[in-house]
Amino acid sequence: MTSTLESGDVRAGRLSSAEYAENFSDLHPPLDRHEALVEADRCYFCYDAPCMNACPTSIDIPLFIRQIQAGNPVGAAKTIFDQNILGGMCARVCPTETLCEEVCVREVAEGKPVKIGELQRHATDTYMARNLPHPFTRAASTGRKIAVVGAGPAGLSCAHRLARYGHDVVILEAREKPGGLNEYGIASYKSTNDFAQREVEWLMQIGGIEIRLGQKLGDDFEIEDLVKDYDAVFVGIGLPSAYALDIPGSDLPGVESAIDFISRLRQTEDKSTLPVGQDVVVVGGGMTAVDAAMQSKLLGARTVSLVYRRGREQMPASRYEQDLAAANGIHLIFNAMPSRINGANAVESMTFDYTTSEGGKLRATGETFEVPADQILVAIGQWMDADTGNLQASGSKTLERSAANKSPAPYNKVWVGGDCAYGGEDLTVTAVEDGKIAAESIHASLAG
Amino acid sequence: MADLSTNFIGIKSPNPFWLASAPPTDKAYNVERAYEAGWGGVVWKTLGEAGPPVVNVNGPRYGAIWGPDRRLLGLNNIELITDRDLETNLREMTEVKKRWPDRALIASIMVPCEEKSWRDILPRIEDTGADGIELNFGCPHGMSERGMGAAVGQVPEYIQMVTEWCKQYGKLPVIVKLTPNITDIRYPARAANKGGADAVSLINTISSIVSVDLDSFSPNPSIDGRGSHGGYCGPAVKPIALNMVAEIARDAETRGLPISGIGGVNTWRDAAEFIALGCGTVQVCTAAMTYGFKIVQEMIEGLSNYMDEKGFETIEDFRGMAVPNVTDWQYLNLNYITKAKIDQDLCIKCGRCHIACEDTSHQAITSLVDGVRHFEVMDDECVGCNLCVNVCPVENCISMVPMATGETDPRTGKTVQSDYANWTMHPNNPMATEAAE
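Protein sequence lines, in the order shown, are assigned to chains A and B.
Going by full-length UniProt numbering, 96 is the number at position 96 of the first sequence; the sequence numbering is gapless.
Going by full-length UniProt numbering, 259 is the number at position 259 of the second sequence; the sequence numbering is gapless.
No lab work stands behind these hints: they were computed from the structure.
From the three backbone atoms N, C-alpha and C, an ideal C-beta is built for every residue, glycine too.
Possibly wrong hints are sitting among the right ones.
[Stated by the list, open to error] Far from chain A, some chain B residues (derived; all Cβ distances over 12 Å): (1) Leu90; (2) Asp102; (3) His141; (4) Gly147; (5) Thr267.
[To be verified] Keeping only pairs whose Cα atoms sit at most 30 Å apart, straight-line, the calculated DSS-like set for lysine-lysine is: (6) A:Lys112 <-> B:Lys341; (7) B:Lys97 <-> B:Lys294; (8) B:Lys294 <-> B:Lys27; (9) B:Lys238 <-> B:Lys341; (10) A:Lys78 <-> B:Lys349; (11) A:Lys112 <-> B:Lys349.
Could you build the full structure based on these sequences and the hints that come with them?
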């Protein structure tokens with residue numbers, strides 16, 4: 001796969017500066033105080049609330065909403081942070097429509113759930129904007145040292161919880177900034193104003209956490225080094241590498257992985273310098289695919305087609321995300337798989353086979369179609385791409401979540417969580433929960 | 001279309017909606033706007049004696065409590081009677097009444113509790129052409145410290161005495177406005193009745209501190225860091241007003257005494273409830289102060305529509321119809337047994353009925369059935385208290401279903417009886433009497 005920024009009609013500066021500013025502002029402007037109070041009043045304070053049970057981090061949602069309603073957003077934020085230290089980012093990126101808000105009784109009753117995500121953002125933003133003392137204090141130092149590999153949501157969550165217990169944590173991060181997907185992988189309009197970095201800095205106020213950047217597993221250190229030098233190790237390295245298309249023409253200029261496209265977009269302050277195609281095709285059906293398609297459109301692409309090999313119901317991106325894309329003029333094409341990419345020196349079009357599903361197996365129907373394209377963004381999944389030594393892995397792609405229990409010494413000192421762990425949802429919030437659970441487990445094992 | 005016109009103690013108005021004596025009726029400008037909007041009558045803001053008028057505070061006069069979306073539920077005020085001089089008010093009243101002869105215009109009066117004061121002012125009022133007078137014995141703040149307002153209304157003997165003066169020296173119908181800041185509303189009502197009052201109006205505002213500022217530690221509204229009690233009104237006080245109206249409507253001494261109902265009338269429905277408890281007119285203030293005079297359109301249309309649906313042609317057709325159904329607790333039928341029933345199709349599974357019953361009542365509603373979230377009433381525990389109905393956010397999802405005669409109440413194991421039996425006949429009552437054959 002070639003990553004050529006400009007090819008064919010892939011070019012920067014398609015829009016006015018005002019349009020760029022508008023397109024990359026907050027998707028949902030934050031609720032102001034009155035809006036938050038009105039929305040909080042809609043919460044029924046359910047018994048054994050379904051929303052709370054649907055939250056991967058088990059935030060006490062009815063309680064924090066009641067705290068907002070009672071004029072105590074700071075207390076609300078503490079309730080959130082107690083279960084989810086990255087509650088600020090999760091409020092922005094959680095697919096609430098498939099989690100807490102999907103099971104809100106008001107969704108059941110009237111199709112309009114309480115805007116839990118936006119209320120959570122109101123509380124956490126209020127807390128962070130007031131420059132209040134960090135909501136947690138670090139316990140007396142235990143003298144124990146723990147290495148956390150990866151400064152993404154899982155690693156940060158794990159590190160913070162361990163630091164609260166008084167352990168000393170060193171985070172080893174391969175990239176030049178901490179945050180993981182929060183920094184590199186989330187659509188710009190979901191996390192504006194450098195929020196990912198501000199959240200990391202805020203989280204670090206707990207003390208006892210050191211982040212070492214540019215430290216890549218396999219290149220700069222091995223798991224074996226860590227198990228020697230530390231009392232425990234947490235691996236939360238995510239799935240940093242994208243699968244490539246293996247079809248004719250996939251090495252043509254103009255073909256790129258969606259995560260690279262998004263990462264570059266996130267790291268570029270001036271969006272007008274970002275090249276984008278006139279006609280963009282995104283291949284895939286997850287949130288990354290939708291984020292890439294949306295941002296191509298927002299950068300000024302004339303047409304954006306999002307092509308997914310299965311039907312709408314199977315699409316991993318939620319119906320809300322699909323509708324968001326459609327409302328922004330993205331053409332959603334279902335039941336089509338890539339067959340080849342056409343072009344002489346650069347991408348000119350892409351040919352797909354229509355598919356049908358028989359007993360869960362996809363089959364080309366023989367019918368094909370061609371979509372004009374000068375840029376193709378591939379979002380068909382990611383893999384771990386790291387040397388994890390003797391850690392037990394599931395296939396070659398992900399690690400067993402319970403590695404610490406199964407592996408022989410000294411690997412029984414290693415915990416695993418986040419996207420690099422096998423199974424579960426690939427969400428920020430599940431990574432946060434993984435890190436939290438691992439921290440509790442590590443703490444318990446060190447105490448025992 | 002129903003006829004909403006009223007003839008209340010000889011005072012005619014095209015509809016029963018009057019504006020209460022308060023800031024909205026302080027001067028000709030407001031009153032004429034109210035008439036233009038459709039209000040049937042106006043009780044002019046309370047007049048004081050001739051001479052220098054009272055002064056109001058120059059800081060905030062109102063405080064409030066709110067429901068969701070800052071919907072105003074209760075308002076309190078520390079404003080006094082009119083702070084304009086008597087001559088100006090009388091002149092404007094005269095002009096307004098001339099221009100609006102079909103609308104009711106009532107003069108509210110509060111002068112010192114001396115015979116001469118009342119004797120002097122009554123002819124002045126009559127000269128304006130006003131249709132009646134309302135004696136303000138209710139204002140709980142500012143005036144009461146000077147021996148007027150609620151200070152009179154809290155002493156039945158004074159009420160009777162002043163009412164008698166007004167009947168003796170004046171020709172106009174007399175409405176005595178009662179304060180709720182007493183123990184038993186029947187005593188001041190009986191006193192007004194004995195004094196010859198043509199009607200009573202109630203309730204005036206309730207003494208209140210609406211909130212405390214937790215930064216300055218001053219009551220609200222705060223005047224330079226201090227506050228005093230005000231008079232509370234608005235939707236929040238309606239239940240108190242309805243009860244006091246009913247007490248007077250069914251009291252042996254005051255039964256049949258005309259009543260102008262006041263307190264939290266916000267919609268046609270509130271007005272209809274006051275009328276059902278015997279009121280001939282209703283008076284409105286807070287709703288107008290919240291939304292402006294236009295709300296009377298909804299009140300008129302709503303009441304008219306209700307009466308059409310029910311087949312009532314005039315207000316008199318349903319006035320007082322709820323009075324015979326107001327009784328004392330001891331006469332309630334103890335053989336009437338209900339069980340809550342949850343409509344599972346309407347249930348949104350919020351679980352509030354369960355937790356309210358489980359934590360605070362009778363442990364009669366499930367939360368899980370066969371491991372599934374499910375809320376259902378256990379008849380063998382349900383006492384029929386209605387709490388679940390009241391906390392349920394879905395209207396008509398939970399209803400109270402009476403048990404039929406002959407059924408066995410699974411809670412008590414007893415058979416439901418058809419006859420009426422109340423506490424006065426109950427064996428547990430040491431003072432029980434034999435049920436009449």
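A quick look at each hint next to the structure:
With a minimum CB-CB distance of about 45 Å to chain A, B:Leu90 clears the 12 Å threshold, and the non-interface call stands. Every beta carbon of chain A lies more than 12 Å from that of B:Asp102, the smallest distance being close to 43 Å; the non-interface claim holds. Annotated as non-interface, B:His141 keeps its C-beta farther than 12 Å from every C-beta of chain A; the closest such distance is 28 Å. Once the 12 Å rule is applied to beta carbons, B:Gly147 is consistent with being away from chain A; the minimum gap is 41 Å.
A cut-off of 12 Å between C-beta atoms confirms that B:Thr267 is not in contact with chain A; the least separation is 21 Å. For the suggested pair A:Lys112 and B:Lys341, the alpha carbons sit about 26 Å apart, so the restraint of at most 30 Å is met. Using a Cα cut-off of 30 Å, the hinted pair B:Lys97 and B:Lys294 holds, with the two alpha carbons roughly 21 Å apart. Proposed proximity of B:Lys294 and B:Lys27 is supported: the alpha carbons are some 18 Å apart, at most 30 Å.
With a C-alpha separation of about 29 Å, the suggested pairing of B:Lys238 with B:Lys341 holds against the 30 Å cut-off. Between A:Lys78 and B:Lys349 the CA atoms are separated by roughly 28 Å; this keeps the pair inside 30 Å, and the hint holds. Of the pairs offered as hints, the one joining A:Lys112 and B:Lys349 holds, with about 15 Å between alpha carbons and a cut-off of 30 Å not exceeded.
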